[in-house]
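Undergrad: Sequence:
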Amino acid sequence: MRQKIIEIKMFDGSVFRFPNATWQKAFLIKYGDRLNEAILAFKEATKNFFDAKLVPTKFGTAIPWEENAPTGPTFFRNHAELGREVMYVCIRAALMGIILSEQTGGKAAVIGISKEGKLVEYTKNGKREITLPRAEQEDEC
Numbered sequence: 389m390r391q392k393i394i395e396i397k398m399f400d401g402s403v404f405r406f407p408n409a410t411w412q413k414a415f416l417i418k419y420g421d422r423l424n425e426a427i428l429a430f431k432e433a434t435k436n437f438f439d440a441k442l443v444p445t446k447f448g449t450a451i452p453w454e455e456n457a458p459t460g461p462t463f464f465r466n467h468a469e470l471g472r473e474v475m476y477v478c479i480r481a482a483l484m485g486i487i488l489s490e491q492t493g494g495k496a497a498v499i500g501i502s503k504e505g506k507l508v509e510y511t512k513n514g515k516r517e518i519t520l521p522r523a524e525q526e527d528e529c
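Positions in the sequence shown are counted from 1; adding 388 to them yields this note's numbering.
Hints in this document: simulated from the structure, not taken from any laboratory.
For each residue, glycine too, the CB sits at the ideal point set by N, CA and C.
Treat the hints with caution; some may be incorrect.
If you anchor each label on the Cβ, the simulated ranges turn out as follows [to be verified]:
#, residue 1, residue 2, range
1, 420, 499, 34 to 42 Å
2, 390, 491, 37 to 45 Å
3, 493, 399, 37 to 45 Å
4, 514, 465, 30 to 38 Å
5, 409, 466, 22 to 30 Å
6, 487, 519, 23 to 31 Å
7, 420, 441, 25 to 33 Å
8, 462, 408, 18 to 26 Å
Sequences and hints are given; from them, build the entire structure.
TA: Structure, rendered in structure tokens:
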């Protein structure tokens with residue numbers, strides 16, 4: 389059974405729809421435990437980027453709309469259109485985890501850092517916190 393695509397009503401009245409089920413799955417994997425909070429944060433971030441006429445990048449910076457070419461649009465009519473760019477930055481690690489896991493039969497791992505500064509592994513089935521063994525000597529990496 390196919391899962392219904394979530395629709396998010398943005399602050400300007402436009403409606404953001406995930407472009408496909410994989411994007412939605414990545415969003416649910418990353419934020420499922422705090423979904424309502426994540427949706428509100430997404431809407432607020434999108435509004436702020438829209439008002440400033442900026443596009444977020446995967447490098448953690450933002451660029452003016454007109455500098456988004458040739459890889460993306462240089463004008464957005466509403467929050468929902470810009471929302472796709474904002475959402476990609478938010479779910480990129482989880483999205484890559486799903487795609488790589490599906491392509492490699494679960495052998496690939498995508499690691500991210502949570503807001504709390506903890507390591508998180510993303511797979512097609514979910515996310516889990518990773519604890520690394522501590523170095524026995526101070527000079528070990």
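Undergrad: Hints first: check each against the structure and report whether it holds.
TA: Outcome of the hint check:
{"no.": "1", "hint": "420 / 499: 34 to 42 Å", "in the structure": "violated (18 Å)"}
{"no.": "2", "hint": "390 / 491: 37 to 45 Å", "in the structure": "violated (21 Å)"}
{"no.": "3", "hint": "493 / 399: 37 to 45 Å", "in the structure": "holds (41 Å)"}
{"no.": "4", "hint": "514 / 465: 30 to 38 Å", "in the structure": "holds (35 Å)"}
{"no.": "5", "hint": "409 / 466: 22 to 30 Å", "in the structure": "holds (23 Å)"}
{"no.": "6", "hint": "487 / 519: 23 to 31 Å", "in the structure": "holds (25 Å)"}
{"no.": "7", "hint": "420 / 441: 25 to 33 Å", "in the structure": "holds (32 Å)"}
{"no.": "8", "hint": "462 / 408: 18 to 26 Å", "in the structure": "holds (24 Å)"}
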